[in-house]
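*Asks:* Note that the protein sequences, when read in sequence, are chains A and B. Under my numbering, think of the first position of the first sequence as 1, with each following residue one higher. Under my numbering, think of the first position of the second sequence as 1001, with each following residue one higher.
Don't read these hints as lab results, they were simulated from the structure. All values derive from a computational prediction rather than experimental measurement. Ideal placement from N, C-alpha and C gives every residue a C-beta, glycine not left out. There's no promise every hint is true.
To be verified - Computed Cβ-Cβ distance ranges for the label pairs, DEER-style:
no. : chain 1 : residue 1 : chain 2 : residue 2 : range
1   : B       : A1161     : A       : R270      : 39 to 47 Å
2   : A       : R289      : B       : E1211     : 19 to 27 Å
3   : B       : G1276     : A       : E35       : 30 to 38 Å
What the hints assert, rightly or not - According to the in silico footprint, chain B covers these stretches of chain A (three or more CB under 8 Å from chain B):
no. : segment
4   : 7 to 17
5   : 112 to 121
6   : 150 to 158
7   : 200 to 211
8   : 229 to 237
9   : 272 to 282
10  : 293 to 299
Said to hold, decoys possible - Beyond 12 Å from chain A on every Cβ pair, some chain B residues (computed):
no. : residue
11  : A1090
12  : S1107
13  : P1128
14  : Q1167
15  : A1233
Number of protein chains: 2
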Amino acid sequence: MSDSSPKLIGRLAIIGAGLIGSSIAWAARQRGVAEDIAVADASLSVCDRVLELGFADTVSTDPRQAAAEADLVIFCAPVGANASIIQAIAPQLKAGSIVSDVGSVKSAVVSAVLPHLPPGVHFIPAHPVAGTEFSGPDAGFAELFDNRWCILTPPEGADPAAVSLMQDFWSRIGSRVEIMSPGHHDLVLAITSHVPHLIAYNIVGTAADLEAVTQTEVIKFSAGGFRDFTRIAASDPTMWRDIFLNNKEAVLEMLGRFNEDLAALQRMIRWGDGDGLFELFTRTRAIRRGIIEQGQETPAADFGRRGPSSSKTQ
Amino acid sequence: MSDSSPKLIGRLAIIGAGLIGSSIAWAARQRGVAEDIAVADASLSVCDRVLELGFADTVSTDPRQAAAEADLVIFCAPVGANASIIQAIAPQLKAGSIVSDVGSVKSAVVSAVLPHLPPGVHFIPAHPVAGTEFSGPDAGFAELFDNRWCILTPPEGADPAAVSLMQDFWSRIGSRVEIMSPGHHDLVLAITSHVPHLIAYNIVGTAADLEAVTQTEVIKFSAGGFRDFTRIAASDPTMWRDIFLNNKEAVLEMLGRFNEDLAALQRMIRWGDGDGLFELFTRTRAIRRGIIEQGQETPAADFGRRGPSSSKTQ
């Protein structure tokens, strides 16, 4: 996959080789975006696995080693780790280099990283809105970001050239790129990602704790809707703990709206307001159509778990 | 697909040619379960489409016509329509025949149908726990029930031969069969299907109504988790209105548990209880493993929307 044209980036350093970090490395490698890729991960066994998988040129448990001489350093650890990573690598960062991240929260990341950033180093936070329920270096794949959105949240006064390079970087590895403020990002993601994960975790927890219905029954009859929730409730616990601890205000605000609406819906059921239920159930279909039209979802029935087409040919 | 061996059933009548009714017809036809299949649907355009699709021997807008001479009549309309269907067809039902249904609630269906059942006709309610987000006769396919569970809720004192025939019928069209009481069924489905649908409808409604986040943003960034909820929130509005109106007590009970647990989770976020969050987020993974092991879910990442395998071969 290598070619001789000049690369967008010299050394790319990835700190944290989970689903996102390893997917960035695969994509950058496959699409020839960087001269070389240095990966660091706190876990020695993850480092060994990265070597076996072969998506990095160098691997180390020490983030300072990966960051040295890097032109772009991307933090791909759970967001709670960012403050200690920037403190560790700050002395190694070269002038003119860019520090970025992939965290699902942005205001808290800016607060954690900016105070420790050496002068002359740019900080352009990023959030690729893409993922699966799997974690770790084996979960990564080059196509993860294709046609998904990556949100950049450059601080006020950020260097336009650095912003532009990050736009190019994410475009080259498949993403569509949008720019917004950290605060607005955190509100948007609270409703499109964080609260959905929270209620998915919650209902799976509720179901697990019931006495009147056994866990075996929950599992057997999960095809009625429940199983869809278990997918996102299987996401990485450390990552999600950090997201909720670091986007508290926006999550609580959106959760307040969710609860208010759910109380109204509960009341409709209690009082038998069929028209109210029907109106809501009709209105919600339009958003799915939009998501499918924008290429953010498969239109296949049941996520294509199996297709209806086969039987029609009988 | 026809063979000359004796069929399990003479005439099979399907009342309502939606996703479930048409899937039963396709499966019964393909697997040679009935001598002939009579379909009725209140909509003339649906009847025309059923004729085009070719999964019925006769089609009528009049359920009495389909029910006449039928050995097994299955109600596949929204559950709110069952009382008027049984009243309409009761005079046509032949002695020894079986009436069944596919409703997602069972206590209310028993109350609606039993009082109108003629003597000598058996009523064996059924609920195939299977479906997709699509509706109507075009949505049906023969494999819908393969390896899914169908729950039978025979009333006390039901004829064992009729129960046994219904077990055979659902096994022949692909299902695994379980028997339980209507009341227990309604509790199990409230947590595995009805409340999940309710909170999916609710969050999609909440997201649609926000002022701080636009609908365009919700659609763009839906890959962070939200889009999974839109699938089940695209299910048939009439069917789901009837389910909530007819399983009120069990839904409100399970929703009470959900709300209680969500309040605890909200409090953990507010007070920064990372250990509590981590504990829940870890515990919820086990249920998904169970669902995959029991063959009720695909283990493919992201529901197999795209696979990680392709990039590993670079």
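*Asks:* If I take the minimum Cβ distance from B:A1090 to any residue of chain A, is it greater than 12 Å?
*Replies:* About 26 Å separates B:A1090 from the closest Cβ of chain A, which puts it past 12 Å; holds.
*Asks:* Quick check for students: does the CB of B:P1128 sit more than 12 Å from each CB in chain A?
*Replies:* At roughly 9 Å from the nearest Cβ of chain A, B:P1128 sits no farther out than 12 Å, so the non-interface label is violated.
*Asks:* Can the segment 293 to 299 of chain A be counted as covered by chain B under the rule of three residues or more with Cβ-Cβ separation shorter than 8 Å?
*Replies:* With 4 residues in contact (Cβ-Cβ under 8 Å with chain B), the coverage given for the segment 293 to 299 of chain A holds.
*Asks:* Quick check: the segment 272 to 282 of chain A, covered by chain B? Criterion 3+ residues, Cβ under 8 Å.
*Replies:* That given contact holds, which follows from 7 residues of the segment 272 to 282 of chain A lying within Cβ reach (below 8 Å) of chain B.
*Asks:* Is the listed coverage of the segment 112 to 121 of chain A by chain B valid when you require three or more residues with a beta carbon under 8 Å from a beta carbon of that chain?
*Replies:* Not satisfied, violated; 0 residues make the cut.
*Asks:* State whether the coverage of the segment 150 to 158 of chain A by chain B holds or is violated, taking the criterion as 3 or more residues with Cβ-Cβ distances under 8 Å.
*Replies:* Violated: only 1 residues of the segment 150 to 158 of chain A have a Cβ under 8 Å from chain B.
*Asks:* Check the following: the C-beta atoms of B:G1276 and A:E35 are separated by a distance inside 30 to 38 Å.
*Replies:* violated, 45 Å
*Asks:* Are B:A1161 and A:R270 spaced within 39 to 47 Å by their CB atoms?
*Replies:* Since the Cβ atoms of B:A1161 and A:R270 sit about 41 Å apart, the hinted range of 39 to 47 Å holds.
*Asks:* Can you confirm whether chain B covers the segment 229 to 237 of chain A, using C-beta to C-beta distances below 8 Å and requiring at least three such residues?
*Replies:* holds (count 8)
*Asks:* Between the segment 7 to 17 of chain A and chain B, see if three or more residues pass the 8 Å beta-carbon test, and mark the coverage as holds or violated.
*Replies:* violated (count 0)
*Asks:* Taking the minimum C-beta separation from B:S1107 to chain A, is that value above 12 Å?
*Replies:* Consistent with the label, B:S1107 stays out of reach of chain A, its closest Cβ about 14 Å off (over 12 Å).
*Asks:* Classify the label on B:Q1167 as holds or violated, using whether its beta-carbon is more than 12 Å from each beta-carbon of chain A.
*Replies:* holds, 16 Å
The structure does not agree with the numbered hints 3, 4, 5, 6, 13, 15 stated previously, though it agrees with the rest.
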